[in-house]
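The opening position of the first sequence corresponds to residue 1 in the working numbering, with each subsequent residue numbered one higher.
Bear in mind the hints are in silico, worked out from the structure with no lab data behind them.
Honestly, I wouldn't trust all of these hints.
Said to hold, decoys possible - Think about it this way: if two alpha-carbon atoms lie no more than 27 Å apart in a straight line, the pair counts; the simulated DSS-like pairs of lysine-lysine are:
hint	residue 1	residue 2
1	Lys298	Lys379
2	Lys394	Lys357
3	Lys160	Lys108
4	Lys242	Lys138
5	Lys379	Lys160
6	Lys455	Lys425
7	Lys357	Lys425
8	Lys379	Lys307
9	Lys455	Lys428
10	Lys298	Lys124
11	Lys394	Lys457
12	Lys298	Lys357
13	Lys124	Lys170
14	Lys160	Lys170
15	Lys457	Lys425
16	Lys317	Lys298
17	Lys160	Lys135
18	Lys138	Lys160
Stated by the list, open to error - Just the calculated beta-carbon pair ranges, DEER-fashion:
hint	residue 1	residue 2	range
19	Gln254	Gly427	38 to 44 Å
20	His276	Asp405	45 to 51 Å
21	Asp278	Ala470	28 to 34 Å
22	Pro150	Gln254	43 to 49 Å
23	Trp406	Tyr80	54 to 60 Å
Using N, Cα and C, we set each Cβ at its ideal position, and we do this for glycine too.
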Amino acid sequence: MSDTPTRTVRTRFAPSPTGYLHIGGVRTALFSWLQARRHGGEFVLRIEDTDRARSTEEAIQVILDGMEWLGLRADEGPLYQTDRFDRYNEIAAQLLASGHAYHCYCTKEELDEMRAAQMARGEKPRYDGRCRDRKEPKPGVPPVLRFRNPDQGQVVVDDKVRGRVVFDNKELDDLVLLRSDGVPTYNYSVVVDDMDMGITHVVRGDDHLNNTPRQINVYHALGAEPPVFAHVPMILGPDGAKLSKRHGAVSVLQYRQEGYLPEALLNYLVRLGWSHGDQEIFSVDEMIELFDIGDVNKSASSFNPEKLLWLNQHYIKEAPPARLAAELQWQLERLGVECSRGPALEAVAEAFRERAKTMHEMAQAAIFFYQDFETYHEKAARQHLGAAAAEPLKQLMAGLEALEDWQAGPIHDIVQGVAEGLGLKMGKVAQPLRVAVSGGPVSPPIDVTVALLGKDKTLARLRHAVVVAASAGDCP
RNA sequence: GCUCCGUUCGUCUAGUGGUUAGGACGCUGGCCUCUCACGCCGGUAACAGGGGUUCGAAUCCCCUACGGAGCGCCA
């Protein structure tokens with residue numbers, strides 16, 4: 001169903017840089033971005049930095065870099081609320097003049113006292129409007145500006161995901177618009193901004209659902225039409241508890257460091273609270289084609305790291321080799337591995353693509369192609385580089401030394417030939433070779449591994465392994 | 001405490017009055033195999049509870065329980 005075909009859809013993502021952008025914020029951004037893309041609209045990025053005390057430059061950078069990494073490009077922005085104080089003041093003056101707002105001189109102590117008393121009486125703590133009709137300023141006290149909320153009637157939020165939610169105005173109190181230092185509060189600046197920026201669909205976390213009726217009242221006081229709201233459910237940790245540092249509440253950029261592909265993260269996130277039949281895999285284009293904010297679930301969902309891993313592996317298997325090569329290089333460099341000399345990264349990535357869940361994992365498994373190892377994997381050496389391996393290794397060395405056409409096919413023939421000649425199973429020859437060249441018991445197919453490693457390194461490592469095996473003595 | 005929201009396998013979900021309640025991750029049995037994986041075949045497991053409405057409820061209504069959010073000069 002289309003919403004308002006006459007109005008161009010404009011959505012926004014409005015994070016506050018008081019903490020790092022994490023998985024939950026990213027999904028909200030994704031839904032918002034998709035909603036705009038889906039309807040051929042525009043997406044705005046706005047930084048809500050009015051809490052100057054807790055906002056950090058670093059957190060802003062994470063937002064910008066994170067959005068960039070994920071490909072969630074904004075058509076407008078980043079816009080900063082701190083650039084718009086004049087506008088907030090302008091609107092505030094209007095509200096004051098029209099009687100929709102008033103100065104309040106209550107001190108923090110006074111308000112605390114009032115709330116404590118209300119709580120004690122079992123009431124909902126709320127501002128009682130005691131300054132509503134105050135005519136005289138209180139000397140020496142810088143006032144806040146409060147909104148005069150209607151005290152009769154109801155506010156209906158026709159939420160795209162929650163459905164129709166009704167609030168009684170008498171449950172709402174007079175919210176602060178401007179703090180005593182003149183800085184706007186969230187519930188006020190968000191309305192002015194969304195109105196000024198022509199936002200048609202507000203997609204945000206459902207922790208804002210309770211704020212929505214107040215904001216709608218402010219829109220009405222301003223004579224503006226409120227946007228369509230869509231409150232998406234929260235993301236919980238794997239244990240069903242609130243998302244914490246333990247799981248997903250880390251900077252989204254950490255997922256890049258850990259070797260996740262952005263398409264995997266996006267695919268994982270879009271399926272949290274949204275689905276299209278039984279489909280699990282969605283390219284970004286498919287998401288844009290199929291997504292609708294109205295199809296989002298109402299209930300919170302838990303973050304499942306295993307499924308993210310599975311998707312990441314899927315995308316690693318699917319990604320173009322050049323992409324993987326670039327990521328692999330980035331990861332190897334982060335591990336301090338010099339990879340300009342050695343097998344082509346693309347070829348290595350192809351060899352590993354079906355056996356790595358993350359690019360970080362792939363990089364670690366591929367180190368032996370670019371660096372000599374100091375020691376063998378202990379258990380592997382014990383099992384595969386014993387006395388019994390000496391002869392197969394010698395023969396392999398001889399065979400490979402004579403090989404001109406250094407490719408997987410011919411290499412495979414030599415390994416197989418040695419096994420057959422000695423009446424051994426492939427495993428008895430391939431495993432010693434594997435440990436000899438890679439240092440451990442696991443690698444891509446042995447012929448591919450040897451081909452990639454190159455003749456010189458292979459022979460050098462074999463030479464060493466033969467010595468180790470021969471000197472293993474008669475211990476079985 | 002008050003207001004608002006939510007509740008299908010362990011997890012993500014399909015389902016909109018009639019299904020053996022489907023898929024996916026995970027776990028697990030098997031096949032493949034030079035290791036690890038990939039892949040393929042199979043298994044495991046759910047409608048929070050109680051009342052209605054109805055010939056018939058996962059689906060509609062009410063209550064209860066449990067969980068969450070908000071109630072700031074935070075966003």
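Need the list of violated hint numbers for this structure, in ascending order. 1, 2, 3, 4, 5, 7, 8, 12, 16, 17, 18, 21
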